[in-house]
Amino acid sequence: MFILAIIIGCFIGFGLACMWVGTSVAKSNDHGDSKGNLLDFTEGSWQLLERKDNIRKPRF
Amino acid sequence: MIYECPNCVAALIYNPTTGKMDCLGCGSSFDVDQFEEKEKKAETAQAAREQNTQNFGILEDDMMECNIYSCTACGAELAVNGVESSTFCAYCGQPTIVFNRVSSTKKPKYIIPFSISKDQAITSIRNRLSSGAFVPVEIQHFEIERVRGIYVPFWLYDIDYSDEQYLSGKVKSGKSTVTKYYFRSAKTTFHNLTLDASQQLSDESSQRLEPYNTQNITTFDTGYLSGFYADCFDMSSEQLKSLAIKRSMQMFNAQIEKSVKASDVKIIRNNPKINVTKAEYAMFPAWFLTFRYNDDPYTILVNGQTGKVVGAVPVNNKKATATFWLIGVIASFILTFVAYALLQIDDEDIQEFIVYGCIGGGFMWYSGINTLKKVKKSIELSKSSRMNHFVKDRQEG
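Residue numbers (this note's numbering), protein chains in the order written: chain A, 346 to 405; chain B, 49 to 445.
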């Protein structure tokens, strides 16, 4: 039982440390999530003309 | 082309804060428009152009003269238009820049002038460097002389895009997952879709500088270049056309995917209609800070219009590792005793709580490792790509 507690404690404890270090490192970096998207380049011209959900499997 | 002050004939430099040309001698300020007529007269007097122009089929009236500086370390070339003289390379940071030749290059049609001053760029960079916990101390105190303003060449594309797509996606139904099918039809017009026209700057880095507000774009005037460097384009609009189409396709498909409430969305069949209606050459502003750490060059960019800071800084690995072990050991010690106490209690709710705790631990591992992978990739991009390619060529050479 104590061995199981050690495994659980270490797993969660070091997981917490990993997340904390990752977050701290990311604060001084842009880590690549900041590119322009479609709305930045289309000036409101995007139009969804037709939308159909849950259709039959198309056969081509 | 150097513009002289009408009052005291000292050199004029473009001031991003005021949007005017400032005199280095008497401190007077002038509008940029005043020098347009003078520039037109100078252009008509220019002689036949060098081979760069012939490669891209450029007409003489479309040209501007500038001094080309080359870096003997990484091979980068920068155009300097004005009184600014180059002392070190803005790409690899080495003080190995030498004057190469007077050249002419295609004049851009548009430009976004600098609106972020050097001081503002430095402040933004300092804020970024001071926000991280493991930034090496020697980098936090960088030399401000290493911050350089560069106009980066871009091709701007207008693209009409429409598509009809059949898609599949996975949806949870009870305890199982089912595949469902969807149809979407959409159209849009991309306006001023940007692709950087320089091989010295990676597409990944230039795209992270986005978005530029192209509503503030203005007709090009060489006066805006005074006091800054310009990177000349070395890829034509035709060469980048396929990349522009690919980029528009990626953004279009991503927008369609957002409208599908499912996971693992895939396009089964589509019929895109793509028409590139315009390709124009423009220059957009960026501040470059280049520094070296453990003999590797790094570059941080600041969008010269919006002030957005792009790029990664190296990490003090020893400090990060020591922190990881310290927090890990302390947290593990405490949580081990908590887990042991909870495991003694024979209660289903407590056991369920422990299971959720383990799932939470798994999520923390995934989150931390995922973030570090992204940062590692970002750090690799921040290293001078030109330097890496140059060294690689020499090793293979």
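Among these hints, one or two may not hold up.
[Stated by the list, open to error] Capping the alpha-carbon separation at 20 Å, the derived lysine to any residue pairs in SDA-like fashion look like this:
{"no.": "1", "chain 1": "B", "residue 1": "K425", "chain 2": "A", "residue 2": "T368"}
{"no.": "2", "chain 1": "A", "residue 1": "K402", "chain 2": "B", "residue 2": "H189"}
{"no.": "3", "chain 1": "B", "residue 1": "K309", "chain 2": "A", "residue 2": "E395"}
{"no.": "4", "chain 1": "A", "residue 1": "K397", "chain 2": "B", "residue 2": "A181"}
{"no.": "5", "chain 1": "B", "residue 1": "K228", "chain 2": "A", "residue 2": "D385"}
{"no.": "6", "chain 1": "B", "residue 1": "K228", "chain 2": "A", "residue 2": "R401"}
{"no.": "7", "chain 1": "B", "residue 1": "K228", "chain 2": "A", "residue 2": "I400"}
{"no.": "8", "chain 1": "B", "residue 1": "K306", "chain 2": "B", "residue 2": "L288"}
{"no.": "9", "chain 1": "A", "residue 1": "K372", "chain 2": "B", "residue 2": "I316"}
{"no.": "10", "chain 1": "B", "residue 1": "K294", "chain 2": "A", "residue 2": "D385"}
{"no.": "11", "chain 1": "B", "residue 1": "K314", "chain 2": "A", "residue 2": "D398"}
{"no.": "12", "chain 1": "B", "residue 1": "K306", "chain 2": "A", "residue 2": "F405"}
{"no.": "13", "chain 1": "B", "residue 1": "K309", "chain 2": "A", "residue 2": "T368"}
{"no.": "14", "chain 1": "A", "residue 1": "K402", "chain 2": "B", "residue 2": "K309"}
{"no.": "15", "chain 1": "A", "residue 1": "K372", "chain 2": "B", "residue 2": "A181"}
{"no.": "16", "chain 1": "B", "residue 1": "K235", "chain 2": "A", "residue 2": "S390"}
{"no.": "17", "chain 1": "A", "residue 1": "K397", "chain 2": "B", "residue 2": "I116"}
{"no.": "18", "chain 1": "B", "residue 1": "K218", "chain 2": "A", "residue 2": "K372"}
{"no.": "19", "chain 1": "B", "residue 1": "K314", "chain 2": "A", "residue 2": "R396"}
{"no.": "20", "chain 1": "A", "residue 1": "K372", "chain 2": "B", "residue 2": "K228"}
{"no.": "21", "chain 1": "A", "residue 1": "K372", "chain 2": "B", "residue 2": "L177"}
{"no.": "22", "chain 1": "A", "residue 1": "K397", "chain 2": "B", "residue 2": "G217"}
{"no.": "23", "chain 1": "B", "residue 1": "K309", "chain 2": "A", "residue 2": "K380"}
{"no.": "24", "chain 1": "A", "residue 1": "K380", "chain 2": "B", "residue 2": "N318"}
{"no.": "25", "chain 1": "B", "residue 1": "K218", "chain 2": "B", "residue 2": "V313"}
{"no.": "26", "chain 1": "A", "residue 1": "K380", "chain 2": "B", "residue 2": "Q247"}
{"no.": "27", "chain 1": "B", "residue 1": "K294", "chain 2": "A", "residue 2": "N382"}
{"no.": "28", "chain 1": "B", "residue 1": "K294", "chain 2": "A", "residue 2": "L384"}
{"no.": "29", "chain 1": "A", "residue 1": "K380", "chain 2": "B", "residue 2": "Y214"}
{"no.": "30", "chain 1": "A", "residue 1": "K402", "chain 2": "B", "residue 2": "L177"}
{"no.": "31", "chain 1": "B", "residue 1": "K314", "chain 2": "A", "residue 2": "F405"}
{"no.": "32", "chain 1": "A", "residue 1": "K380", "chain 2": "B", "residue 2": "N301"}
{"no.": "33", "chain 1": "B", "residue 1": "K235", "chain 2": "A", "residue 2": "R396"}
{"no.": "34", "chain 1": "B", "residue 1": "K425", "chain 2": "A", "residue 2": "G381"}
{"no.": "35", "chain 1": "A", "residue 1": "K402", "chain 2": "B", "residue 2": "K421"}
{"no.": "36", "chain 1": "B", "residue 1": "K422", "chain 2": "A", "residue 2": "T368"}
{"no.": "37", "chain 1": "A", "residue 1": "K372", "chain 2": "B", "residue 2": "Q188"}
{"no.": "38", "chain 1": "A", "residue 1": "K372", "chain 2": "B", "residue 2": "K356"}
{"no.": "39", "chain 1": "B", "residue 1": "K235", "chain 2": "A", "residue 2": "K372"}
{"no.": "40", "chain 1": "A", "residue 1": "K402", "chain 2": "B", "residue 2": "A368"}
Hints listed in this document are in silico derivations from the structure and should not be mistaken for laboratory results.
Hint check results:
1. K425/B with T368/A: With a Cα-Cα distance of about 15 Å, the restraint between K425/B and T368/A holds, given a limit of 20 Å.
2. K402/A with H189/B: violated, 61 Å
3. K309/B with E395/A: Roughly 16 Å separates the two Cα atoms, so the pair holds.
4. K397/A with A181/B: violated, 49 Å
5. K228/B with D385/A: Not OK: K228/B and D385/A at ~31 Å, beyond 20 Å, violated.
6. K228/B with R401/A: holds, 8 Å
7. K228/B with I400/A: holds, 7 Å
8. K306/B with L288/B: violated, 27 Å
9. K372/A with I316/B: violated, 39 Å
10. K294/B with D385/A: holds, 17 Å
11. K314/B with D398/A: holds, 14 Å
12. K306/B with F405/A: It is violated: about 25 Å lies between the C-alpha atoms, which goes past 20 Å.
13. K309/B with T368/A: At roughly 29 Å apart (the allowed maximum being 20 Å), T368/A and K309/B break the hint.
14. K402/A with K309/B: holds, 17 Å
15. K372/A with A181/B: holds, 8 Å
16. K235/B with S390/A: holds, 8 Å
17. K397/A with I116/B: violated, 57 Å
18. K218/B with K372/A: Violated: K218/B and K372/A sit about 34 Å apart, past 20 Å.
19. K314/B with R396/A: holds, 16 Å
20. K372/A with K228/B: violated, 39 Å
21. K372/A with L177/B: With a Cα-Cα distance of about 9 Å, the restraint between K372/A and L177/B holds, given a limit of 20 Å.
22. K397/A with G217/B: Judged against 20 Å, a Cα distance of about 13 Å means the pair holds.
23. K309/B with K380/A: violated, 23 Å
24. K380/A with N318/B: violated, 25 Å
25. K218/B with V313/B: holds, 7 Å
26. K380/A with Q247/B: holds, 19 Å
27. K294/B with N382/A: Distance ~13 Å between K294/B and N382/A Cα, so the pair holds.
28. K294/B with L384/A: holds, 16 Å
29. K380/A with Y214/B: violated, 27 Å
30. K402/A with L177/B: Given that 20 Å is the threshold and the Cα spacing comes to 53 Å, the pair is violated.
31. K314/B with F405/A: holds, 16 Å
32. K380/A with N301/B: Satisfied, since the Cα-Cα distance of roughly 16 Å is no more than 20 Å.
33. K235/B with R396/A: holds, 13 Å
34. K425/B with G381/A: holds, 18 Å
35. K402/A with K421/B: violated, 38 Å
36. K422/B with T368/A: holds, 11 Å
37. K372/A with Q188/B: holds, 14 Å
38. K372/A with K356/B: holds, 14 Å
39. K235/B with K372/A: violated, 38 Å
40. K402/A with A368/B: Roughly 51 Å between the alpha carbons, so the hint for K402/A and A368/B is violated.
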